[in-house]
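Visitor: The residues making up each chain are set out below.
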Amino acid sequence: MSGRAEFLTTLRAGLRGAPAGSIDEIIADYNAHFEEGAAASRSDAEIAAALGDPLALADELRMELRIGKFEAAPSTRSAAQVIGGVIAIGAINTVVLCLVGPLLVLLALGAIVAILAAVGTGIWFLFAGASLGLPGGIGTPVLCGLGLLTAAVSMIAFLLLAARALISGLARYARLQYRFLSRESKPGTPT
Amino acid sequence: MTEPIDIQLKKGVLELCVLELLSQEDGYAYEIASRLADAIGMGEGTVYPLMRRLHTEGLVETYFVESSSGPSRKYYRITRAGKAELVRERSAWQAFTRAVNGIVGGRK
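Which chain is which? The protein sequence lines are Z and C, in order.
Each residue of the first sequence is one higher than the last, beginning at 1 in this note's numbering.
Each residue of the second sequence is one higher than the last, beginning at 1 in this note's numbering.
Only chain C is shown next, with the shape it has when bound in the complex:
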């Protein structure tokens, strides 16, 4: 049942990454999933449970855009609550990495 430590770390910051991407511009799940897969090597499927949870918690909202090729695409937009959550998570992440860097890379 145990996973390699890097996968645990990645899963922990997945939400932060998604909110960060959406704060830059609205996105659809496929795009978000492939960006995260490229950048941090996550399984692409993991993004869907996360998007559902963010939606239930009111951190993102969805809207559909007609596509010229094929069915309409579901876009995600970050909400005001989502932005507030992003600020909280970002500062927690920065404080955490600073502390860990101080220990891991702290040799003088």
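This is chain Z alone, in the form it adopts within the complex:
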């Protein structure tokens, strides 16, 4: 029984932080695997060795849960969890992260400044634009103001879409990485 208990305990420890329901499901899946193996008269130690490193499997399963959660309900929180997971499994080189991360933050800040500026001038046009005495009477500043406000709204929408696409891309990339770079080196050599 020791091979099984040890495998399942390590797996459960590796999954800590995931939703309890999902952890139970995963543990049940692997326990069923041991049951099936035992019915085929394999020893628990043998089965555990064939399953591979439980910690590497836990990494993969936890990342999968995070990606699934983000795709089902994209939010700042679930996005942060995907990014955190990507960093935790070491899918992204720290050097790349240090270079690209600030760049993305700068880009986002730039977009936010542009949006705020559009909102600000839009409102200004609406309320104070009449004093400019532009040709076309009161209609011109009102239309300018509304135009700038709608531009701001579409920029916000675009920014959100871009962020979502970025995280999804990151998740897909992470998947490739852990399939290639997981701690599991060879089946049959749990550490």
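Among these hints, one or two may not hold up.
Unchecked claim - What the simulated footprint calls covered on chain Z by chain C, stretch by stretch (three residues with Cβ under 8 Å from a Cβ of chain C suffice, anywhere in the stretch; the number is not a length):
1) 20-30
2) 33-39
Said to hold, decoys possible - One side only, chain C facing chain Z, incomplete, derived with CB under 7 Å:
3) 27
4) 30
5) 44
6) 48
7) 53
8) 56
9) 58
I should point out that these hints are in silico values taken from the structure, not numbers from a laboratory.
Glycine included, C-beta positions come from ideal geometry on N, C-alpha and C.
Please build the complex by placing chain C on the supplied structure of chain Z, with the hints as guidance.
Guide: Just chain C now, with coordinates in the frame of chain Z:
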């Protein structure tokens, strides 16, 4: 952190193999895992994260079948979306292997 090239190759085609097996008949994870372990030498544990992902993506669905010995068994069935994905992956695989074979085994 680097793995031997054969393990990388195997992991890349694992999804295709699972979908291919399920398109032939419904299966349970233990059976799928041991078939893949025998055929391509994968670690049996790898099949579970993959099955969860395929399930989340709606490519497979699960149902339980009562077993005469022990607890009920979780079976996986390929969905319509799964079949469409299989067609895509299969043709990508065939195009890829054809291209690689043309280079690797292309001596006249």
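Visitor: Answer holds if the nearest beta-carbon of chain Z is closer than 7 Å to that of residue 44(C); otherwise answer violated.
Guide: It holds, given that the least Cβ distance between residue 44(C) and chain Z is near 5 Å, below 7 Å.
Visitor: Under the criterion of a CB-CB separation shorter than 7 Å, is residue 58(C) in contact with chain Z as hinted?
Guide: violated, 11 Å
Visitor: Measuring from the C-beta of residue 27(C) to each C-beta in chain Z, is the shortest one below 7 Å?
Guide: It is violated, given that the least Cβ distance between residue 27(C) and chain Z is near 12 Å, above 7 Å.
Visitor: With 7 Å as the cut and Cβ atoms as the points, is residue 56(C) at the interface with chain Z?
Guide: The hint holds - residue 56(C) has a Cβ within 7 Å of chain Z, the shortest such distance being about 4 Å.
Visitor: Quick one: see if chain C covers the region 33-39 of chain Z, three-plus residues with Cβ-Cβ under 8 Å.
Guide: With 5 residues close enough to chain C, the hint holds.
Visitor: If you look at each residue in the region 20-30 of chain Z, do at least three have a Cβ nearer than 8 Å to any Cβ of chain C?
Guide: holds (count 3)
Visitor: Hint validation: residue 48(C) versus chain Z, beta carbon distance must be below 7 Å. Holds or violated?
Guide: holds, 5 Å
Visitor: Residue 30(C) was flagged as interface toward chain Z. Is the shortest Cβ-Cβ separation under 7 Å?
Guide: holds, 4 Å
Visitor: Can the hint on residue 53(C) be confirmed by a CB-to-CB distance to chain Z that is less than 7 Å?
Guide: holds, 5 Å
Hint check: violations occur at hints 3, 9; the rest are consistent with the structure.
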